[in-house]
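S.K.: Here are the chains, one letter per residue:
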Amino acid sequence: MNQKTFGQALNEALTIALEIDENVFIAGEGVGVSIHQDPNMATHGLLEKFGSRRVKDTPVSEAAIAGLAVGASCLGLRPIVEIMFFPFITLASDMLVNHAGKLRYMSGGKSSFPLTVRVKAGVGFGAGSQHSHNLESWIAHSPGLKIVWPSTPQDAKGLLLSAIFDPDPVIVVEDMMLFRMPGDVPAGDIRTPLGKARMVTTGTDCTIVAYGSALYTVMKAVESLNEQGISCEVIDLRSLVPLDKACILDSVRRTGRLVVVHEACRFCGFGAEIAAMVAEEAFDALKGPVKRVGAPQGPIPTAPTHEKIFKPDPDNVILAVQEAMGR
Amino acid sequence: MEKNKITPDLRALFYSRMVLIRKFEEKIMVLSQEPGRLPGMQILANGQEAVATGIVSALEPEDVIVSNHRSHGHLIAREADLNSLMAEIMAKGTGVNGGKAGTLHLAVPDINVLMTSTVVGAGPPLAVGSAFAQQYKNSKGITVVIFGDGAAAEGSVHEAMNLAGVWKLPVLFICENNCWAGAQRPEEHCATPNIFLRAKGYNMPGHSVDGNDVEAVYNLSRKLSQHCRSGSGPAFMETLTYRMRGHGEQDRQHYVDPKELAIWEKKCPIRRYRKELLDDGVLNTDQIQVIDQEATARVKAAVAFGDASPYPGPETALTDVFVQPPNA
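The listed protein sequences derive, respectively, from chains A and B.
Just so we're aligned, residue 1 is where the first sequence starts under my numbering, counting upward by one.
Just so we're aligned, residue 1 is where the second sequence starts under my numbering, counting upward by one.
In isolation and in its complexed conformation, chain A is listed as follows (with noise of 0.2 Å):
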């Protein structure tokens, strides 16, 4: 096994890519010559091995460079491209959500758009409301449109090598709190299917299901809830559009309990898909109440006080799962 950061696993997926597939190419602001001159970001060094032709720095337009992929992917090519932060994304919007994800349906099946469009999320660097926006929401509510959002450097690699090679439009979301994470990383072409969960640990009194850094503050809260003996079952949803239902839903029949946990705004956030989808396939099996851990409904704040309220911590989720116990 590799030892790799998650930012150097996205590099290995987009090395290969460009690799292997003469019709990928990457562009967006700065995937050439970037502010930064950090081995950790995904696109670190591809201008220097590929070349201006297939690795192309943008204008700062997003609507242009989402359109780019739109009008590049319907005659056959397969573009990567970068918009650079989440909330940004809304400057692309009407080209992902009017148009690749509608524009084959709309064409009868005639034509086909194999996009993929990489988003930088997180909360937690001071960065404010229009940096820190985590809108995956938005995008699982847009027909057409799938979004993955991976946890670990493996899943990064491979999930962004399954996006890239999938036949329709791919949203891959890159959580900026894991860039610098290290972690066994497969060598080669490895695909992480989409669509399918990931169980970190079993357990049998509660399922939480949780995508992205969030992960990691339900596994921090695990270990304390295995003092208290309460016993845990992880998911790592990895993908949200496909969803793995069957995982969560399978999962919850044992343990009989469900609490999500993501960065996002609880209200209408992706955590009451879920809970809805739990409560109306599984209803029966539930022994206690959904709870849901994540963000209040504001613009995520500045200063370090007032972050810390909108990003989930271990505290929360304990509180979340010993409610879900009734105790």
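The set of hints was computed from the structure by calculation and includes no laboratory data.
Where a beta carbon is used, it is the ideal one built from N, C-alpha and C, also for glycine.
Partial list, derived from the structure: chain B residues whose beta carbon lies under 10 Å from chain A:
no. : residue
1   : N97
2   : A107
3   : P109
4   : G121
5   : S130
6   : F132
7   : T316
8   : F322
DSS-like mimics (lysine-lysine), calculated; alpha carbons at most 25 Å apart, straight line:
no. : chain 1 : residue 1 : chain 2 : residue 2
9   : B       : K223      : B       : K137
10  : B       : K137      : A       : K110
11  : B       : K140      : B       : K5
12  : A       : K220      : A       : K308
13  : B       : K92       : B       : K300
14  : A       : K110      : B       : K140
15  : B       : K140      : B       : K168
16  : A       : K311      : A       : K220
17  : B       : K5        : B       : K275
18  : B       : K223      : B       : K5
19  : A       : K311      : A       : K120
20  : A       : K49       : B       : K137
21  : B       : K92       : A       : K110
22  : B       : K27       : B       : K267
23  : B       : K168      : A       : K49
Here are the computed distance ranges between Cβ atoms for each label pair:
no. : chain 1 : residue 1 : chain 2 : residue 2 : range
24  : A       : E22       : B       : G93       : 33 to 41 Å
25  : A       : G229      : B       : G155      : 54 to 62 Å
26  : A       : R253      : B       : G93       : 37 to 45 Å
27  : A       : E22       : B       : Q287      : 47 to 55 Å
28  : B       : V166      : A       : E227      : 53 to 61 Å
29  : A       : T201      : B       : V166      : 44 to 52 Å
30  : B       : Q33       : A       : S52       : 49 to 57 Å
31  : B       : V166      : A       : Q228      : 53 to 61 Å
32  : B       : S139      : A       : G45       : 23 to 31 Å
33  : A       : V60       : B       : R37       : 45 to 53 Å
On the provided structure of chain A, position chain B as indicated by the hints.
M.R.: Okay, now just chain B, sitting in the frame of chain A:
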């Protein structure tokens, strides 16, 4: 001088294409008044036939067209199959897009009318992507994107023109200025009376042309498409024409001065070209009549085809969302 290059056969072809577009859309006008006949809104380009015909006739088969909500003329000039086009406008299962596009989102990739977007101003960024693919693959094709004067106010159009200028992409931007954006006149929504002047700001040649003169549109389209094809980057063309109908067929044009409509009625591109061809001896009145009758017959057959076709069944309502659906 340029005019000499247009052969009599080509002139006759221009005329028959314009007549076919007119007859097709006149039929849609009638059908749209029959309750339940055509779903959605019908957005017609009556009076703009010379623009569609001039542009599309100037293109090569490998060239890609990205169209907008007023697309029938572009598709008919590209010789899209009339039956499946009409069936699609009726949202029937035999339609070119299986009834999933209706009139507003018609796409016929097999004749390179690659994408149609009704989101005003969305065509240019899509065209940038298509032109990038052509440049990347070293194809001879160019991408032509047609949008309106209203769309010219969208930020996406400017982003697309800038990126095309920076990367020297083979895109021909065509602003079909029909004097109306919804119920707004150009001076109400556009800071300049000459939209083509914006081309200069993105370092591409920009020209305007009388959009009711099919040969002028054709000649300028040839010239600018050759510029794009030569690797010299994008170009911009503004065609000055007039929207004779409302924004859609429900729009009764209460805001339009009838005298203005009467003036433009006299400038009808088809009537004007017919006179020219008769005067030049390219066509005689018998031939004109045959062209009219043939167009009428083709439209009639297309309506009959659509009428005979069923609506798509519920089993296809959720197909084609993904190539690889989540539960597959």
